[in-house]
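Residue numbers (our numbering), protein chains in the order written: chain A, 2 to 388; chain B, 2 to 388.
Since the hints were made in silico from the structure, they are not lab data. There is no bait here: all hints are sound.
No copy labels: a pair is met if it fits in one copy or bridges any two.
Think about it this way: if two alpha-carbon atoms lie no more than 30 Å apart in a straight line, the pair counts; the simulated DSBU-like pairs of lysine-lysine are:
#1 K342 / K237
#2 K76 / K237
#3 K237 / K340
#4 K156 / K237
#5 K119 / K156
#6 K44 / K283
#7 K343 / K357
#8 K343 / K237
#9 K330 / K340
#10 K79 / K42
#11 K237 / K356
#12 K42 / K267
Predicted model only: the values in this text are computed from it and were never measured.
Protein chains: 2
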Amino acid sequence: MAGFENSKKSDSDSKKIECLSDAVINLDQGDPTVFQEYWMKMKDTCTVVIQGWELMSYFSDTTNVCWFLEPELAKAIKALHNAIGNAATEERYIVVGTGSSQLCQAALFALSSLSEVKPVSVVAAAPYYSTYVEEASYVQSKLYKWEGDARTFDKNGPYIEMVTSPNNPDGTIREPVVNGSEGGKVIHDFAYYWPHYTPITRCQDQDLMLFTFSKITGHAGSRIGWALVKDIEVAKKMVQYLTINSIGVSKESQTRATTILNEITKTCRTKSESFFEYGSEKMKLRWERLREVVESGDIFTLPNYPQAFCNFFGKTISPSPGFAWLGCKEERDLGCFLKEKKVLTRGGDRCGSDKKHVRVSMLGRDDDFDVFLHRLATIEDLKCIDP
Amino acid sequence: MAGFENSKKSDSDSKKIECLSDAVINLDQGDPTVFQEYWMKMKDTCTVVIQGWELMSYFSDTTNVCWFLEPELAKAIKALHNAIGNAATEERYIVVGTGSSQLCQAALFALSSLSEVKPVSVVAAAPYYSTYVEEASYVQSKLYKWEGDARTFDKNGPYIEMVTSPNNPDGTIREPVVNGSEGGKVIHDFAYYWPHYTPITRCQDQDLMLFTFSKITGHAGSRIGWALVKDIEVAKKMVQYLTINSIGVSKESQTRATTILNEITKTCRTKSESFFEYGSEKMKLRWERLREVVESGDIFTLPNYPQAFCNFFGKTISPSPGFAWLGCKEERDLGCFLKEKKVLTRGGDRCGSDKKHVRVSMLGRDDDFDVFLHRLATIEDLKCIDP
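All chains, full assembly: derive it from the sequences and hints.
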């Protein structure tokens, strides 16, 4: 495979790759360290200073349904969505969570608690985000039950369909697939519906939408997510879950997220400073390099995504998903094969699909991504050392 | 009742109380704002500065069982326990959580997952922390089941006993009460086992101990708690819960908790600066004022606590619990009565006890506490306006 050699790599880059030649590269989790370089370039603009006596109370705003949501964060979230045009915030309740994982569980709790019949079936169209399986199963709740692939779901009774768009792991644009007649609810996970990952083709207007700070700016360590919720009863039940589960959400993280979200909103139309311009270029380049390697051989496959007009950028662009849904042309356990090459990925079987596919994080550090491409480029066949 | 008048109040204090004469005083939650004054006096000593590019990753230390625990926080926790002498940290795993509520649920998950028989019964001796009922019930898990008062628990099979010492709501020192023969496990909640609340009479050495940053220093908004866990399998299962539930814990909060815990450890032996000296005096004064009001009349009751030698202070001291377990001598719904007086408390019935008792937070703001005492002092009988 010649792909990797074609890309412009300096001598020092080659040395780095050599140094890392024996290292295990973890592209299983989607730790979004890809954007750290941007934040280093931004220097002091998003420095947060917190005094010892600040942010001590449990309460942020006792007049709000979500009493632990800092009012300034609520404003920052609305301003960002308005600037990007990816989601409607009017006449909605904002519920903040310790990442969108906790919010997803709060939403399952809320929708199933409000259902007359229990347990409520929880489904997602394969390939799906493997963590949904764990989230819907681990506490063995009597309120809801994981039922697997939404495409083959044929039970009667109430259900909750998880719709992730763009989809994790395969980057496709999704709509609900269950044609249920009664009591069907949808949780829309829009973690990746931002212009550096996908064209913003419409302002989303769904009943229950989840977003996460981690995947917008790369600040995964802050554990901040939010839900935009139309129905006050659903919002109240979600808040009940978050109150019992963790008595709210870190005020330090909310403060920092406020500062950072305000900054990316403020600069989003200034080409030289815009986080979304930077992120978009970064992701585009990674995808071009990955496609070059894949297409220069006849071993691996990648999905092709249709271009679309992005309302935010005002031009037609290609999607650059946060994960690559890498497949192989032969019938092989690709995850197992790549593990032998010391590249950790998430097996497609964990996502309700097959072992011929793996989910590869496109969000890791430059060094790791370079080594990954290098290893991929040097694969000549899929013979396992230890089959 | 003359108690309140006896305490030294300035003219401006009296005016404040007058201003607040119509306000609803919320002493239901234990929002620990009582200590904010100390942190304001400490000025810049605990200021935290976080740059935009810091703390971005999900991971803190991939070699640790608790991979999302910041190593500096682990060190700060150990140093504090060593300085205070309230809990053993050697040969234990530290698990950090989004407050000790999340850790309590992680512990229920861990202990019940590892049990051969399910559901595992969850009990606590009444009066108990009312939130345990919600924590053990809300998701309707098949793994464990809330079974109420530990004193009357007589089922066979595995159980988990919650032991809170000093106890929330009534401030008593607790030991397990269930004499179960098989599979009994104990979660020790030591949220208030600190020298400003109670004499430190021994270094606790239990299998699974919970602590919370909120109730030590008053930083409830940070949502930081930790568990000290002997058994690695229990620690691993708790980490599994926290991984699925929220993919770890806010790094900003961990960073701030590290700074603040290190500061109170550093100054704990300097009388003029020590947080514990300050906290102890503050709580002692509040209890003296409350007892003065209660004892000057014949309507209310308070528990009496035995004095004990505190190993930390090196002298015999009286306990000053974070909550007052206020009772009335007549058969009345005390919570309902106080609500009419615009004082919100937690009814004893919610804690598995009777309506003659309420839990009153001793941790609120000075103004609120003053108004509460004033209202209590002016009560002449328990006749309800609207019985």
